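Chains as they are written, first to last, in our numbering: chain A, 1 to 438; chain B, 1 to 438.
Misleading hints may appear alongside valid ones.
No copy is singled out in the list; a pair is fine if it fits within one copy or between any two copies.
Stated by the list, open to error - The calculated DMTMM-like cross-link candidates involving lysine to aspartate or glutamate, where the alpha carbons are at most 20 Å apart (straight line), are:
#, residue 1, residue 2
1, K110, E432
2, K433, D416
3, K96, E420
4, K371, E345
Hints are computed from structural coordinates only; laboratory data are not their basis.
Bear in mind the structure is a predicted one, so any value in this text is a computation, not a measurement.
There are 2 protein chains.
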Amino acid sequence: MTENKLITPRKLKGFWELMPKEQMLFSSLLQKIEKVFQDNCFLPLDTPVLEYSDALLAKSGGETDKQVFRFSKGDADMCMRYDLTVPLARFVSMHKTELCFPFKRYQIGKVYRGERPQKGRFREFYQCDADIIGDGQLSLVADAECINLFEKCFDALSLPVEIKVSNRKIISGFIEQIGKTDKSTEIFIVLDKLDKISIEDALNELQEIGLSKRESEKIAKLTQISGKIEEISKELRDFCQNSTFQNGLDELLEVDKYLKSFGCTSVTYSLGVIRGHNYYTGTVFEGFLKDSKVAVGGGGRFENLCSYFSAQKMPGVGMSVGVTRLFDLLLQESYFDINCVTETELGVVNFDETLPQALEVVQKLRKLGVKADCLYESKTFKGKLKEANKRQLNYVLFVGENEIESNLFTLKNMQDGSQESLSLSQIAEKFEKIRKNI
Amino acid sequence: MTENKLITPRKLKGFWELMPKEQMLFSSLLQKIEKVFQDNCFLPLDTPVLEYSDALLAKSGGETDKQVFRFSKGDADMCMRYDLTVPLARFVSMHKTELCFPFKRYQIGKVYRGERPQKGRFREFYQCDADIIGDGQLSLVADAECINLFEKCFDALSLPVEIKVSNRKIISGFIEQIGKTDKSTEIFIVLDKLDKISIEDALNELQEIGLSKRESEKIAKLTQISGKIEEISKELRDFCQNSTFQNGLDELLEVDKYLKSFGCTSVTYSLGVIRGHNYYTGTVFEGFLKDSKVAVGGGGRFENLCSYFSAQKMPGVGMSVGVTRLFDLLLQESYFDINCVTETELGVVNFDETLPQALEVVQKLRKLGVKADCLYESKTFKGKLKEANKRQLNYVLFVGENEIESNLFTLKNMQDGSQESLSLSQIAEKFEKIRKNI
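Extracted from the complex, chain A is given alone in its bound form (with noise of 0.2 Å):
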């Protein structure tokens, strides 16, 4: 035998990993948002975590390039994902013959960002992304589905939502009809900052840009303008005549009437919500957990999925659930009650001679639904008890020569220390009953 030089086991920076009780609790949240995906006929994808850097850089401007993980391995240079959006994007283009259009699909996966580790930012996180895409068209109806989508997967997890709704036409209509169309990046850029910087440094910096002082007032009022879609849309009517300008509160309008129908009550509108993403063209969306306002998610309308590899016009739409920093966000608040989360809901405490008759009771316990566990590796009976304490089992189950002969073991409750004597048919029944109330 060698000896070795230890190593200290470290996490690398900025990565995510939870404790395995908070991982049951975070499980159960992905498996709800997932069912939500399903019951509304979204087909799964799980595309690779790696794609060749010149697919997934070709849509990103520099930002995106120093934040990516890349390397080579033999010929190939790759990436490890940055979005789950790119990938469906590659993966679309690929499969574009074969795939049925409007596709409707969701992804639930690990994407990666090489940027500075800092607090609710992680290098390693999960995306919920559902998107429709369709083949050259794509009706409005799918932008309000969405949403609807959206707030259903917060309605699975019981939280209370704020969903924000735009159009990005509307601001891109006034940037055209002032003239500015050239520069619509950087005007966007500033107002998205509208949360973060002072509404006199907003100001300030459209004018750098080129704006005029009224031009930039307006614009920033323009972003101010929220509330129900009656209440807006009479506000913007008037607002401003260009056409662009017009068809983004059409569209407002259309999806509106859309929402209702799916029976939305999550929805307010707010010009103030601008999505970064430069590849938003209509639709924009944000939800908030209602009283805070910290961003859960959100998505929008995209003209055009597959500009980077087909000539093809594939407009689309999505939404995503940041579901790593909600549950970070969920976990730092307390939310759960993480002492009442058990993989484990009945201890089997055999005596020695007994370990086979016991792994038979588990073993019974188990296809009866109870998960049910021996605690065959502490040697005594208080070792046992002691072992179950520590994983906060709430019963332990006897199995002594008496029980085994009688066919009725001792059911021990460790909370309030009572006992009951009962077969394993009723042992199930009790579990099931107590499943239910909790």
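Following the hints, complete the assembly by docking chain B onto the known chain A.
Relative to chain A, chain B alone:
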């Protein structure tokens, strides 16, 4: 608008990617396995895909180093994980004081190997691992539990499996007896190849290592011993008097006793099971689809999970289902009927003027548990039916003005063309029955 130079959409070679309906099948397979892990009181873990290179490669020989995806970013030298065991060792070492032992954890996740792509081998694939880790010691019950868990995974998938079990100490003891412990690794490498090379070649290789002809023949004969526990124990009892050898046999007998308590039915014993990895030190097992020679996973006992991170001994035993390979095999053998897989049970056909009401109907049906989807994109009635056919929908529902007034909707069976007029709750009942029949 600038013209983009188009990029040919390509997937990286050797990376696995399923079409959506295949993915639905694969996801359901993973879910079934996960449920088995949960029902057997294993805790989930989801470690990062990336780890520090020093930690990940500490344990590996040069072979792994070559196969790993490794790169640097900032001052971090990192690797994509090539299995789920080293990350488990890193996690357990970091959180030893917070965990309860035996620590039963499962992890289902992708791992990465930069090896040359070949049939049935992928550079990114899923592993479904479950391990039981002890603190200082771990009962042989855990070995039986992992074998039993492996069997249960295949039961849950309704796939008949044969599990071949051995104990490495038996062959190690024989090697000890003939005084070749220093050549142990090389001998095991040859023995591990016995399903691929001829017995003559193996005997030659063993003699090249330094075994006599007689020793080579005797060790080869040892690996051919297989059968029920009573049969092999009789044959082995007098094969060799070395204490390691006898200890291995005793362990095998004890594990068999627990397997009988668990009610395992798929186990036979075979000394030919080696399980390449060096770190197995006791029980080893391998699973095969019945009547096929294809290995679909396995596992075994290791003496010390955390030897590279900690001076304290952490013995463990684990199992792993090679789920990507398994699914790939089932797909190739047309085990699934892809045409029967559908994400949508019912296509809802609207008319121009009834779109809002059709969306309401879809929403109501989804609340009633029916996977309904509105065919809003196709503009004509004929187009909608064509879309339904392309999507292989078995049923469509017409939402016209008469239907809306009467609250009775025409349900059309797309396979036999039959139609009936039903209320929404009748439709929900009908689909509940359809689901139960399939």
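Hints, one by one, checked against the model:
1. Neither within a single protomer nor between protomers do K110 and E432 lie at most 20 Å apart by alpha-carbon distance, with minima of 35 Å and 35 Å respectively.
2. For a Cα distance limit of 20 Å, the shortest separation of K433 from D416 inside one copy, 18 Å, qualifies, whereas the shortest one across copies, 45 Å, does not.
3. Taking the shortest Cα distances, K96 and E420 never come within 20 Å of each other, neither inside one copy (63 Å) nor across copies (35 Å).
4. Taking identical chains as interchangeable, the C-alpha atoms of K371 and E345 lie at most 20 Å apart only when both belong to the same chain, with a minimum of 5 Å there against 34 Å between chains.
Consistency note: the structure conflicts with the earlier hints numbered 1, 3.
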